Amino acid sequence: MTTESGAIGLVETQRAVLFDEASPLVLSSGRELSPVEVAYETYGTLSPERDNVVVICHALTGDANAAGHHGDTDRRGWWDNIIGPGRPVDTDRFFVVCPNLLGGCQGTTGPSSIDPRTGKAYGLRFPAITVRDLVTVHRKLLAHLGVERPLAVLGGSLGGMQALQWALDFPSEVQGAALVCSTARLTAQNIAFSAVAREAIMRDPDFNGGDFYGEEKGPALGLALARMTAHITYLSEEAMRQKFGRRRQDPAAPAANPDEPESDFDVDFEVESYLRHQGSTFLDRFDANTYLYFSRMMDRFDPFSEPEVFGHLKDLKTKFLLVSFDSDWRFDSNHSRDIQRQLARAGIPVSFREIESPWGHDSFLLEIPDYHRTVATFFDNLWRERQS
Amino acid sequence: MSLRPDLQLVADLVPDGSSVLDLGCGDGALLDELIRNRSCTGWGVELSDDGFYGCLARGVPVVQGDIDRGLEDVEVDEVDIVIISETIQALRRPELALMEIRRVAQRGVVSLPNFGHWRLRLELALRGRMPSSKELPNPWHSTPNIHLCTLSDFEALAGACGLRIVKRIELDERHGVASGLAKLRPNLFAAGAVYLLERP
Chain A
-1 MTTESGAIGL
9 VETQRAVLFD
19 EASPLVLSSG
29 RELSPVEVAY
39 ETYGTLSPER
49 DNVVVICHAL
59 TGDANAAGHH
69 GDTDRRGWWD
79 NIIGPGRPVD
89 TDRFFVVCPN
99 LLGGCQGTTG
109 PSSIDPRTGK
119 AYGLRFPAIT
129 VRDLVTVHRK
139 LLAHLGVERP
149 LAVLGGSLGG
159 MQALQWALDF
169 PSEVQGAALV
179 CSTARLTAQN
189 IAFSAVAREA
199 IMRDPDFNGG
209 DFYGEEKGPA
219 LGLALARMTA
229 HITYLSEEAM
239 RQKFGRRRQD
249 PAAPAANPDE
259 PESDFDVDFE
269 VESYLRHQGS
279 TFLDRFDANT
289 YLYFSRMMDR
299 FDPFSEPEVF
309 GHLKDLKTKF
319 LLVSFDSDWR
329 FDSNHSRDIQ
339 RQLARAGIPV
349 SFREIESPWG
359 HDSFLLEIPD
369 YHRTVATFFD
379 NLWRERQS
Chain B
449 MSLRPDLQLV
459 ADLVPDGSSV
469 LDLGCGDGAL
479 LDELIRNRSC
489 TGWGVELSDD
499 GFYGCLARGV
509 PVVQGDIDRG
519 LEDVEVDEVD
529 IVIISETIQA
539 LRRPELALME
549 IRRVAQRGVV
559 SLPNFGHWRL
569 RLELALRGRM
579 PSSKELPNPW
589 HSTPNIHLCT
599 LSDFEALAGA
609 CGLRIVKRIE
619 LDERHGVASG
629 LAKLRPNLFA
639 AGAVYLLERP
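Chains A and B supply the protein sequences, listed in that same order. The first sequence stops at residue 386 when you use this note's numbering, and every number in between is there. The second sequence stops at residue 648 when you use this note's numbering, and every number in between is there.
These aren't lab readings, by the way, just hints derived from the structure by calculation. Values in this document were obtained by computation on a predicted structure and should not be read as measured data. Careful: at least some of the hints might be erroneous.
[Unchecked claim] Think about it this way: if two alpha-carbon atoms lie no more than 25 Å apart in a straight line, the pair counts; the simulated SDA-like pairs of lysine to any residue are:
1. A:LYS312 <-> B:ARG484
2. A:LYS118 <-> B:THR598
3. A:LYS241 <-> A:ASP266
4. A:LYS315 <-> B:LYS631
5. A:LYS315 <-> B:ILE613
6. A:LYS312 <-> B:ARG569
7. A:LYS315 <-> B:ARG506
8. A:LYS315 <-> B:THR598
9. A:LYS315 <-> B:PRO463
10. A:LYS312 <-> B:ARG506
11. A:LYS312 <-> B:GLY607
12. A:LYS118 <-> A:ALA37
13. A:LYS315 <-> B:ALA477
14. A:LYS312 <-> B:LYS631
15. A:LYS312 <-> B:GLN554
16. A:LYS312 <-> B:VAL522
17. B:LYS631 <-> B:SER590
18. A:LYS315 <-> B:GLU526
19. A:LYS241 <-> A:ASP262
20. A:LYS315 <-> B:ARG484
21. A:LYS312 <-> B:THR598
22. A:LYS315 <-> B:ASP528
23. A:LYS138 <-> B:ASP528
24. A:LYS241 <-> A:THR231
25. A:LYS312 <-> B:GLU523
[What the hints assert, rightly or not] Partial chain A-side listing against chain B, Cβ under 8 Å, derived:
26. GLN338
27. ARG343
28. PRO347
29. ARG351
30. PRO367
31. ARG371
32. THR372
33. GLU383
34. ARG384
Note that beta-carbon positions come from the ideal geometry of N, C-alpha and C, so glycine has one too.
Required output: the full structure, derived from the provided sequences and hints.
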């Protein structure tokens, strides 16, 4: 691994089979799954005491490549600005691990993987998964790397949900959990958007009950629509105003779809072209079934509604940091405030800050000075407490 | 690192193991002492960025927020004790803060500077200008201390908000415990005071 100034250089995604037929993954539903292979990346160096591990949990459409690049220095990991030497998650100090999630489609076993019993892709025969199952696999990956416990778990959105579940289920395992624009419970509006995305995918004529692998066409239209709808919720109205305003497409530009005759309802405004681009580039890297499984898993996440959680809370040793953004309307600050209330009421140390940012939910991926300084200060304290 | 003397006095009024809410907690020095050495739990509320980062750097739980908006999401009797240290004079709604103490805790500790101190009175009388002191260094137009009061004023407001004064510790001009005249005529001779308040 080579180091550029403040940035991680070339990295490689690694793979490990963590569960096999002899010791399958037992899901929270009771069902078993094997084999389970996980794609992951690591940055920094594991300390001799193996006590400097930070697990990065990715969001709905993320992958294992959180930082560094795979050869093209212009295409860097999705959280490259926060992970690296001297960055808030400082790889001169921490050994950072970022796995692709169970049920995913970027190297880890998911609905597009081959079911060994049938020799065909799982499709919708893939078992239902929960955030708890994601944590089970993360912990198994650490065990595989010879690590007993993480120093900290950090995640944005769905990533934060994993950090919360991990800390609640294993109350003396995680020293610090940082949740950025996350939630402990989706609202009816959040679930409504999930529902529209799922409908778009499942009503696509080429969805074929989830068995579209190897077919000439898959539910590309539905998946692109799902992505476009979701993307609107990731940006704020102000962000869209600043980014696109009411600017029109260049009329001299070639038509978006050259096969079809031009009509008055083709892409006209820049925001339309942007959304269409987001939708179509998504198809190359994402699986429609993974989208269904992940969105359903998020809908059902509600850890504070489980009676046993309050037993765990009294033993909970984790320090929490919650960050939200004032223009985020997907998981607005009330989601973080609700987590702060649940934890503080139980006497658990939790810090919370709402950051000013016009960029909506996507702010968590951006380099916003107050946000990065907040994360950096939290991790600096964890580092110093670990040493003392 | 030792605590500022008045913070030490505040800390001594908090029983070990209490759950604490520190409103206007600054850089978290007081909470750090209470959590680290006196097995307390709790968190601070702080508006300033500097204070927020200070708390985070110490590992003291802190929520960035404005006390003047009230604590509506903190439940009745959620904590044992609320602390408002050298902050009440900077609030837009001091009476709301006192009512909130009463709602969310059985007890409160409030420390504040005394605008009735003889030196300030003399300065106002002789110079005819708003007085300043070590605790109140800024001119009237730029001071964050927008609701200055005397100890008698504060005691009247605490009573009106339904809080009983259990204990008053008079402070001298160096933030230490005052003696002599300040105990006899606090409103004239104490530079400030720390109050232990209780819901009757």
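A quick look at each hint next to the structure:
Between LYS312 of chain A and ARG484 of chain B the CA atoms are separated by roughly 18 Å; this keeps the pair inside 25 Å, and the hint holds. Only pairs whose Cα atoms come within 25 Å are accepted, and LYS118 of chain A paired with THR598 of chain B is rejected, the gap being roughly 81 Å. Restraint check for LYS241 of chain A and ASP266 of chain A: the C-alpha separation of about 16 Å stays at or below 25 Å, so the hint holds. At roughly 45 Å between alpha-carbon atoms, LYS315 of chain A and LYS631 of chain B are farther apart than 25 Å, so this suggested pair is violated.
About 36 Å separates the Cα atoms of LYS315 of chain A and ILE613 of chain B, which puts this hinted pair outside 25 Å; it is violated. Between the alpha carbons of LYS312 of chain A and ARG569 of chain B the distance comes to roughly 52 Å, so the proposed pair goes past 25 Å and is violated. Restraint check for LYS315 of chain A and ARG506 of chain B: satisfied, since their Cα atoms lie roughly 16 Å apart, inside the 25 Å limit. For a cut-off of 25 Å, the pair hint linking LYS315 of chain A to THR598 of chain B is broken: about 43 Å separates their Cα positions.
Taking the CA atoms of LYS315 of chain A and PRO463 of chain B, the gap is about 22 Å. The hint holds against a cut of 25 Å. Pair hint LYS312 of chain A plus ARG506 of chain B holds up; C-alpha atoms about 23 Å apart against a cutoff of 25 Å. Pair hint LYS312 of chain A plus GLY607 of chain B does not hold up; C-alpha atoms about 37 Å apart against a cutoff of 25 Å. For the hint linking LYS118 of chain A to ALA37 of chain A, the alpha-carbon distance of about 21 Å falls within 25 Å, and the restraint holds.
Simply put, LYS315 of chain A and ALA477 of chain B have alpha-carbon atoms about 21 Å apart, close enough for the 25 Å limit, and the pair holds. For the hint linking LYS312 of chain A to LYS631 of chain B, the alpha-carbon distance of about 44 Å lies beyond 25 Å, and the restraint is violated. A hinted pair counts as satisfied when its Cα atoms are at most 25 Å apart, and LYS312 of chain A with GLN554 of chain B qualifies at roughly 23 Å. Restraint check for LYS312 of chain A and VAL522 of chain B: satisfied, since their Cα atoms lie roughly 19 Å apart, inside the 25 Å limit.
A C-alpha spacing of about 32 Å is found between LYS631 of chain B and SER590 of chain B, which places the hinted pair above 25 Å, so the restraint is violated. Between LYS315 of chain A and GLU526 of chain B the alpha-carbon distance is near 20 Å, which keeps this suggested pair within the 25 Å criterion. Between LYS241 of chain A and ASP262 of chain A the alpha-carbon distance is near 24 Å, which keeps this suggested pair within the 25 Å criterion. About 14 Å separates the Cα atoms of LYS315 of chain A and ARG484 of chain B, which keeps this hinted pair within 25 Å; it holds.
Pair hint LYS312 of chain A plus THR598 of chain B does not hold up; C-alpha atoms about 43 Å apart against a cutoff of 25 Å. Under the criterion of a C-alpha separation no larger than 25 Å, the hint pairing LYS315 of chain A with ASP528 of chain B is consistent with the structure, at around 21 Å. Between LYS138 of chain A and ASP528 of chain B the alpha-carbon distance is near 41 Å, which puts this suggested pair outside the 25 Å criterion. Between the alpha carbons of LYS241 of chain A and THR231 of chain A the distance comes to roughly 15 Å, so the proposed pair stays at or under 25 Å and holds.
Our distance criterion of 25 Å between C-alpha atoms is met by LYS312 of chain A and GLU523 of chain B, whose separation comes to about 19 Å. Restraint check, GLN338 of chain A versus chain B: the minimum CB separation of about 6 Å is within 8 Å; hint holds. Given hint, ARG343 of chain A at the interface with chain B, holds; its Cβ is 6 Å from that chain's nearest Cβ, closer than 8 Å. With a least beta-carbon distance of about 4 Å to chain B, the hint placing PRO347 of chain A at the interface is held under the 8 Å criterion.
Hint status for ARG351 of chain A: holds, given a least beta-carbon distance of 4 Å to chain B, under 8 Å. Interface hint status for PRO367 of chain A: violated, as the beta-carbon distance to the closest one in chain B is roughly 11 Å, over 8 Å. Checking ARG371 of chain A against chain B by beta carbon gives a least distance of about 7 Å; that is within 8 Å, so the hint holds. Interface restraint check: THR372 of chain A against chain B, minimum CB-CB distance 7 Å, threshold 8 Å, status holds.
The interface hint given for GLU383 of chain A is met, as the beta carbon of that residue sits about 6 Å from the closest beta carbon of chain B, less than 8 Å. The interface hint given for ARG384 of chain A is broken, as the beta carbon of that residue sits about 11 Å from the closest beta carbon of chain B, more than 8 Å.
Comparing the model with each numbered hint stated earlier shows that hints 2, 4, 5, 6, 8, 11, 14, 17, 21, 23, 30 and 34 do not hold.
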